[in-house]
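2 protein chains.
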Amino acid sequence: MNEEPEVAVLRLGHRPGRDERMTTHVGLTARALGADRVLLPDNASQSRETVADITERFGGPFTVELTGSPRSVVSDWPGSVVHLTMYGERIQDVEETIRSAHREHPILIVVGAEKVPFDIYEAADWNVGVTNQPHSEVAGLAVFLDRLFEGRELEREWVGADRRVIPKATGKRVEPTDQ
Amino acid sequence: MNEEPEVAVLRLGHRPGRDERMTTHVGLTARALGADRVLLPDNASQSRETVADITERFGGPFTVELTGSPRSVVSDWPGSVVHLTMYGERIQDVEETIRSAHREHPILIVVGAEKVPFDIYEAADWNVGVTNQPHSEVAGLAVFLDRLFEGRELEREWVGADRRVIPKATGKRVEPTDQ
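Line order of the protein sequences matches chains F and Z.
Following my numbering, the numbering of the first sequence begins with -17 at its first residue and continues without gaps.
Following my numbering, the numbering of the second sequence begins with -17 at its first residue and continues without gaps.
Any given hint might turn out to be false.
Identical copies go unnamed one by one, so any copy, or any two together, can satisfy a pair.
Dumping the calculated DMTMM-like pairs for lysine to aspartate or glutamate here, alpha-carbon to alpha-carbon at most 25 Å [claimed, not checked]:
| no. | residue 1 | residue 2 |
| --- | --- | --- |
| 1 | Lys97 | Asp1 |
| 2 | Lys97 | Glu2 |
| 3 | Lys150 | Glu78 |
Hints in this document: simulated from the structure, not taken from any laboratory.
With these hints in hand, go ahead and build the complete structure from the sequences.
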């Protein structure tokens, strides 16, 4: 986001049909809450299209890609890797350290669907629990991004949008942009 | 949560099959992030069971209910009603006011599935956008709760659990409780 080191989100695992909406929501949440890029499994082309379509209409910069080798994305990552899991360290205990790391280099956030292989736990610099309770990878990602950026993501400008929503106390207001 | 006025989440709309996981994730996110209760549409009995099952295993207090009259839940609510929508006022502009309201009385958070009827926008004390971008009702709920409670939800104690997860830098550790 802006001039900061990149934040990318890697979605691990996707069962077509069953996971379509969750994977799409991971991608849209990554975009809306300040990540620069999301990498989806190569069988998630439908989710990729939805996220790309939203980016085209509501703006970017934001990139959505498919990858056939998520493990290489993790092992080749030129920065720190954060794996979100209910078994990990408490976010409130490690967030400040991760924010410091992000001032220096790119962060990859790994978000699992089904059971995550053990080597991902080992490859991650931090396994982080947004609570140690079972809930939702979308919820975990959202809270993590909001805390990583400390709310700056809510103020970001969108470029290349053909429309924008004007905040409104009641009702809906959408305006075309000049772009 | 604890001795504070109640926070309940109302899920509006549910298409069985298609919305099953999203509705379940709304329920689990409400529980994990400090709400006291979730109300689901009466055709979401499968989601209700999943949330009740997780509460039994991982603890509470947390209540999951079905309702056939979501509009009465809204109109009869003895406190403030917050409707989460991408068209609403920016969370960063209204959150402090809502936190003050919550010190005085119970808060109902309304989370839509499909298109939300206009009377809900009118009935709400606040229509709130967690960004004015399209993303995920689960993500919006998660960020809203984390900001409403200012992180206190991450420290809550769970009662009546038969197991608990011990935070761990690498791997998984789950222990039976004494209860």
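Notebook entry, point to check: 25 Å Cα cut-off: does Lys150 pair with Glu78 within a copy, between copies, both or neither?
Noted result: Result: close only across copies, 17 Å inter versus 34 Å intra.
Next item on the list: Go through the copies and call it for Lys97 and Glu2: within, between, both or neither, with a Cα cutoff of 25 Å.
Entry: both (17 Å within a copy, 20 Å between copies)
Margin query: At most 25 Å between alpha carbons: which applies to Lys97 and Asp1, within, between, both or neither?
Written below: both (13 Å within a copy, 22 Å between copies)
Comparing the model with each earlier hint shows no violations; every hint is respected.
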